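Student: Sequence:
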Amino acid sequence: MTLLDYLLPLLYWPMWKMASLLGRTIPLAFYAADPLDYEMFLPIQKHLKQTVECIAANSKTAAYFKKNNIPFRRYPAFPRAVIMGRHEAYKFPVKKMIRIGFDHGLYQFKRWTNPRYYNQFDVYFVSSEQQAKIATQKGIRTVKAVGYPKLDKAFDGSIGPNDLQELKKKLGLDSAKPTVIFTSTWDVGGLSALTRWIGRVGELTEQYNILLTAHPWTKPRLLERLKRIPGTFFLQESDVTPYLMLSDVFVGDYNSLIGEFCALDKPIITFRVGQDSSRALPEVQKMIADISLQVDSFDEIPAAIEHCLRKPNEKQAARQQANRILFLALDGQAGKRAAETIETVFVARK
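Under UniProt numbering, read the sequence shown as residues 1 to 350, first letter to last.
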C-alpha cells in the first residue's frame, strides 16, 4: 500500500458522498489517463446505450479533449459508474461505484502487478481466454476475455482499401515502394531497441516508405530526434492501427504492437532484447521469436526486410498460433462484447 492508497479514500469518499446527496454525480464516466485510453474506448462506447462523460486525469489528456472538442471534466470527478483503460480503480474508492477496466495494451507483454489492483473492479476486460486463465492463476477474480476492441476497425470494414489509399496520399507515400513501419517500446528495462536504429533508419528511405512510432513515454529527446529524420514519416496519432494496415513489414522489439501486427498476418522483424530484463516474460519472448525474423543489429535489417518481402508467408503458421493465444477472436466484435458485458453489470447492480 502506498501513502496515496491510504489518503485518497479519506479525501475522495466524503466529496463523492456530498456530490451524491446534491445530485451532482455523473451517471457513467470514462476516466482517461492518456489520449490512447480514450481512442481504445471508442470501439466500446459506440455500442453503449448510455451517455458517457469523460474525465481527464491530467493536462495532456485535457488538451487532447479540448483539441477534439470532446466535453470533459478534470479529475477528481464523481461518477456512479466509471470505465477506464488501466488498473487505477483506487482513484475511485467508493464501494457503491461500478468500476470497469481494460488493458491499454495488448495481452500481457509485461508482468501482472498486484492482483488487488484488478480485483477492485467489477470486471476487467482482457484480450484472450489464455490471458484470463493466467490472470485467474495469479488470484485475479474479475477478468473477462472479450478480444481487443482497438483492432475492431481492422476487421469490421471500418477501414477499407480506399481508406488506406487515401491515407497513403495524405502522407505522400510512394506507391511504387513497399512500406516499412519501425516501432519501439518504452526505453526502460533493456526492452527497447530504439537506439539501435534511430541513427540509421534514414538510410532506407530510397528503397522504402518508412513510418516511425515509439512509446509515448520514450525520452523526449529521442522522440524529437525521430521527428527530424529526413524522408521518414513520424506518426503523431495515438492509435496507429490504419498505419499498421498499410505497412508491408513491421520492425519492433518487445512492444505489444507486435501482437497487433501479427493479427494482420504480415511479416515481422524484431531486435533481440531483454534477455536479462526483469520486465520481460520468457513465454512472450519465445512467441516473438517464433513469429518474427530476429536480428541483433541494424546491419541485418536491409536483408531481413527483403527476405520478408520475398517470403511474406514464411511465419504464417506461427502467427496464426500466436493469434489464438493473443485474441479471443478477430471478428471486429470485441467492442460489442465489452459493451454488452457493461450493460449486464449495470443491470445486476441496480
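Read the hints as simulated data drawn from the structure, not as lab findings. Some clues are possibly wrong.
Result set (DSSO-like, lysine-lysine): computed pairs, CA atoms no more than 27 Å apart in a straight line [what the hints assert, rightly or not]:
| # | residue 1 | residue 2 |
| --- | --- | --- |
| 1 | K67 | K170 |
| 2 | K336 | K144 |
| 3 | K46 | K91 |
| 4 | K144 | K169 |
| 5 | K133 | K169 |
| 6 | K110 | K177 |
| 7 | K66 | K96 |
| 8 | K168 | K67 |
| 9 | K110 | K311 |
| 10 | K138 | K17 |
| 11 | K66 | K144 |
| 12 | K170 | K266 |
| 13 | K60 | K46 |
| 14 | K153 | K138 |
| 15 | K144 | K168 |
| 16 | K153 | K67 |
| 17 | K138 | K311 |
| 18 | K311 | K133 |
| 19 | K227 | K66 |
| 20 | K266 | K227 |
| 21 | K153 | K17 |
| 22 | K95 | K49 |
| 23 | K110 | K144 |
| 24 | K49 | K177 |
| 25 | K96 | K177 |
Here are the in silico distance ranges between beta carbons for each label pair [stated by the list, open to error]:
| # | residue 1 | residue 2 | range |
| --- | --- | --- | --- |
| 26 | S59 | D299 | 51 to 59 Å |
| 27 | W13 | N68 | 27 to 35 Å |
| 28 | S175 | D265 | 40 to 48 Å |
| 29 | S175 | K311 | 17 to 25 Å |
| 30 | S277 | K133 | 21 to 29 Å |
These numbers come from a predicted model, not from an experiment. A virtual CB, placed ideally from N, CA and C, is assigned to each residue, including glycine.
Student: Hints the structure violates: just list their numbers, smallest first.
Tutor: Violated hints: 4, 5, 6, 7, 9, 10, 11, 14, 15, 17, 18, 21, 24, 25, 26 and 28; rest satisfied.
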